[in-house]
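Engineer: If you want the building blocks of each chain, they are given just below.
Protein chains: 4
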Amino acid sequence: MALRFGLLGAGRIGKVHAGAVAATPGAELVAVADALPEAAAFISKSSGAEVRTIDEIMNAKDVDAVLITTPTDMHADMIEQAARAKKAIFCEKPVDLDIARVRRCLDTVAREKAPLMIGFNRRFDPNFMEVRARIDAGQIGAVEMVSITSRDSAPPPASYVARSGGMFRDMTIHDFDMAAFLLGEDPVKVFAVGSSLVDPEIGKAGDIDSGSVILTTKSGKIAQISNSRRATYGYDQRIEVHGSKGMVHAENMRATTVEVADAQGYRREPLLDFFMTRYTQAYANEIAAFIKALDAGKPMHPSGEDGLKALAMADAAMLSLKEGRQVDIAY
Amino acid sequence: MALRFGLLGAGRIGKVHAGAVAATPGAELVAVADALPEAAAFISKSSGAEVRTIDEIMNAKDVDAVLITTPTDMHADMIEQAARAKKAIFCEKPVDLDIARVRRCLDTVAREKAPLMIGFNRRFDPNFMEVRARIDAGQIGAVEMVSITSRDSAPPPASYVARSGGMFRDMTIHDFDMAAFLLGEDPVKVFAVGSSLVDPEIGKAGDIDSGSVILTTKSGKIAQISNSRRATYGYDQRIEVHGSKGMVHAENMRATTVEVADAQGYRREPLLDFFMTRYTQAYANEIAAFIKALDAGKPMHPSGEDGLKALAMADAAMLSLKEGRQVDIAY
Amino acid sequence: MALRFGLLGAGRIGKVHAGAVAATPGAELVAVADALPEAAAFISKSSGAEVRTIDEIMNAKDVDAVLITTPTDMHADMIEQAARAKKAIFCEKPVDLDIARVRRCLDTVAREKAPLMIGFNRRFDPNFMEVRARIDAGQIGAVEMVSITSRDSAPPPASYVARSGGMFRDMTIHDFDMAAFLLGEDPVKVFAVGSSLVDPEIGKAGDIDSGSVILTTKSGKIAQISNSRRATYGYDQRIEVHGSKGMVHAENMRATTVEVADAQGYRREPLLDFFMTRYTQAYANEIAAFIKALDAGKPMHPSGEDGLKALAMADAAMLSLKEGRQVDIAY
Amino acid sequence: MALRFGLLGAGRIGKVHAGAVAATPGAELVAVADALPEAAAFISKSSGAEVRTIDEIMNAKDVDAVLITTPTDMHADMIEQAARAKKAIFCEKPVDLDIARVRRCLDTVAREKAPLMIGFNRRFDPNFMEVRARIDAGQIGAVEMVSITSRDSAPPPASYVARSGGMFRDMTIHDFDMAAFLLGEDPVKVFAVGSSLVDPEIGKAGDIDSGSVILTTKSGKIAQISNSRRATYGYDQRIEVHGSKGMVHAENMRATTVEVADAQGYRREPLLDFFMTRYTQAYANEIAAFIKALDAGKPMHPSGEDGLKALAMADAAMLSLKEGRQVDIAY
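Chains as they are written, first to last, in UniProt numbering: chain R, 1 to 331; chain H, 1 to 331; chain C, 1 to 331; chain Z, 1 to 331.
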């Protein structure tokens, strides 16, 4: 029988997941809730899901799993309520911006034995999955150094920045998770620098828009992350992993393979510039992995613990940025 | 209201189109027919389309358009029957292997004023569409020379070859259409060579598996085509167009952007090696273009005439191969 | 002891070879002759070579080998004179534009047992040498099809065209030699088309500036050549060889590996656009190979026969172009 | 008149420079000195330079400029002696491993008004020069972030490591200079991490073989450097610069452009794996720039100050590595 989903939050990312569920055999979207009736109605219309309240979805017998895509400050409450209601849970990152709250939430999840997956979608990008697969296949030997480039195509409005928790918690958190995923060993120390070079308003809002981070593990592995809130040439998402036997890297994606050559040179098009088009396949794979793990009764990855770890790295990076020193990561 | 399709032929390519219709907003598959009941049943199950006979679909009031994906020798009959039944028609290439039969069929279509699109899917590949768009935008000036590389990943069985009409009519026909599409001027002469280098059984069956073709237009434009029935590294599909101001080319596609570097060098993965994965987007775009043209009451492209032209080039290439001389193409 | 060279012809290509000799350990340029005293003086000044007459060089005891870089119509006479004078001979392509004259010349060379290398420099390009080496190493299995792209950056003046022997003899002759070099089997038939698309003056002078050629061997191997007298993006020199196990290709060369990315896309620089910069290393390797073969007393490659074969292909292509049919190559 | 060079130190790098002088019009190597007579003799033989003592060269009237390629611990003394002898000075990096000694040495140079260039050869690599040129041309707007990848193909022997001054002073020093060169603003703070992952003997010798560094400038620009003493795929030398309008990067170099495709994928060859082949052109350009600046009476770049700055960054990185904190760079 198909796995029946309830969607909590019908905003932009909610639509992405609703579409992924619709396109996945063995999955069905039966209900959707949102504070904005028209947002819920929009998804209802395209998917056939019923508009309900959050509580109705939580208590529904015809809902096996919930997709939590509400605003961040509701995530932890929603997770706890769903865990108590014995639903399987997929929640967008982060669990919460406050790590103590995350810990309490994960305690509840553990107590209720609720299956929980955190939406670090990039782990499911076909390119990055293949990088991980090549490492697992031993093609580069033991992992030594990881280099992640992650640059948004355009900065968010300063208003968004103000309530985002800061660039490290909002944007780099994906890279922290990716670093741990690729290193195969939890980073124990972090050093971070950052500047506001792209948009002075972001600086005025107390945040940075350009940053560089170094993570190290106990055994001496090193990961570096380069971030910017702006890349005129598209959404720049690359990884490179060096091992004892070689190197593996994944390059950016474009809409086509076309190149024009003339007296000015050879010109390829800019990169896919939006996370939804860049990571279309990742979002689909993510939902499929959630269903597969649930069907098989296997542990979920990325887990709530993975979410907590990434946030711990982000918090430590914030402190490092503030104090100009390497900081121990407190998981 | 959605455009209602009937599918005639539930084989491999029938499934591709059924899937494309299912994924296209504004389109619905309502009926499917096939000589093999289980083939029709398979598509019925996945799509909800009703299994019917061909005649039932042709006469159905709830069917606006037919997708003809039967064996080639039925195409012309199906087109004529559908034209008389006032259906819009999408037919896989070729209309028929006998050009006289194609002409009679197109006469019927013209008489009945039936909308007809021929399934030269490659025109709808995002890469090749973009090449055409760059030409139209004037980025390379006036087109002078076209170079098409089209190599299958593996040869078909000799049994298939025997009833295929020969490589030029079966495989190169796509490249003939692409050449005309890119040259923007109909080729008037063709020269072709061919050999059986890949599989001796293909040679014994009287066909070739490796070939090279030169087309020329009245104004002196030149297109060259390189074909093989085998490419160990995947399905090799490239085009390159030279103009007075520059060059535009479209490269092959891979599943990922991953590359591994070690002491043996830098290694990217082989190409996508199957036409269905390579041209997934092309098949979807093709159906969307059919619906769009129908909605707008605009002429269809590629038209029946385009199908006839490609076959005329293939026939002339067969004659050229046989006689070792350049042959005038008889449209 | 160093091999002592005399240079006959101090034009553009003469300077290239003079430079190559100067840069080659074990080689020394001792004399130079040219009808234009200032041309000879220029090379004398930069190299220390003595200015002499052709006859003085031919008869000199301190000259072991001659480099013939005179105008084409003197090549055959120079070769014969040098052969009789017991010099080792390096001669720029072609031996002559008249194949009967080439045959007589090669008879003389054979009779005198003179070592003779013809300057098909591209065989010594590091990229193309590596392609040949990969074939020899069995990396692509048995060679089946060769594709050569050879496009000049800008057309020569019509005045040059008039006395060039035609594009096939002047420009494509390099590609004919390369095709034979890569096929590993002499082509037996040729088909050629051509147009004047680049410069109407070239058409008025009775020549073509754009062309496409198909060569076939007895065993059914196929080579195709695409030529143009103009490529706005640089000097386009690529080869691609398909075999039973795979494919090997060599791409173009640029001055740097730099790429700029911005909102308009990713832009690499145009290609090296001049044969002297593109083939700098090939010219050096060519002279080194000449010296090495001479030292070892081994046969020279490309030989006078190779020169004759390439001209035979060009002549057959001229006839094919004229008569619109495939032509047997008369070696 | 040609600029007359004396070479002090006839080791590996001395030979490189001797070759560069020989190949440069307007330059002449007249004398060579080395503690090992056979080393000096070797260069004397190939270049025609006279073998002399260091003092003889310093005092020679026929020597305009000295190339200092002795062991590092002699550099500062040689520079001072040459400055007093009124020679123009080209010295390999670093001036000294002790920054106080460097300062005293540069004071002497300043007092004597001696022209001094430090051999940061990478600034003269055609690729990296072009990156700088594109920045200067405004193609990427204001520089914001620099990313340098610099990985040796194989680790040096532990014995070398012991007297190298440590990886940051020996290897990364090139990257420190490159970072300053590309940022266009001196870094003021540095943070560095490092591990011994490649060769345990290097760790036992008290050094690291893998490292990552972040530099920041007063205005908030950021540079990151990734180093390893081993890259199985060749000598990995890449730079990437991000600006307000776009990005420019320079990729690695290979001996050829050849790629083989088969069922295992597409394979390019490993990188050039030796600094002498990778930077051949850089060494030639460097000497040419020295001569040009001297002729024009213009300031030398990279200057003694540039050498001091790079060492100051390396020293600060050593301290950062030791203390796990960001360190102010003391120029």
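Do not take every clue at face value.
What the hints assert, rightly or not - Just the calculated beta-carbon pair ranges, DEER-fashion: (1) C/Ala296 with H/Ala137: 29 to 39 Å; (2) C/Ala2 with Z/Glu56: 27 to 37 Å; (3) Z/Arg12 with R/Met276: 46 to 56 Å; (4) C/Lys298 with Z/Ala255: 21 to 31 Å; (5) C/Gly138 with R/Ala330: 57 to 67 Å; (6) Z/Ala255 with R/Gly141: 46 to 56 Å; (7) Z/Arg12 with C/Ala23: 13 to 23 Å.
To be clear, the hints were calculated from the coordinates, so they are not data collected in a lab. The beta carbon of each residue, even a glycine, is placed where N, CA and C say it ideally should be.
Engineer: If a hint holds in the structure, say so; if it does not, say that too.
Structural biologist: A quick look at each hint next to the structure:
| no. | hint | result |
| --- | --- | --- |
| 1 | C/Ala296 with H/Ala137: 29 to 39 Å | violated, 57 Å |
| 2 | C/Ala2 with Z/Glu56: 27 to 37 Å | holds, 31 Å |
| 3 | Z/Arg12 with R/Met276: 46 to 56 Å | holds, 54 Å |
| 4 | C/Lys298 with Z/Ala255: 21 to 31 Å | holds, 25 Å |
| 5 | C/Gly138 with R/Ala330: 57 to 67 Å | holds, 58 Å |
| 6 | Z/Ala255 with R/Gly141: 46 to 56 Å | violated, 25 Å |
| 7 | Z/Arg12 with C/Ala23: 13 to 23 Å | holds, 21 Å |
Hints 1, 6 from the list above are not met by this structure, while the remaining hints are.
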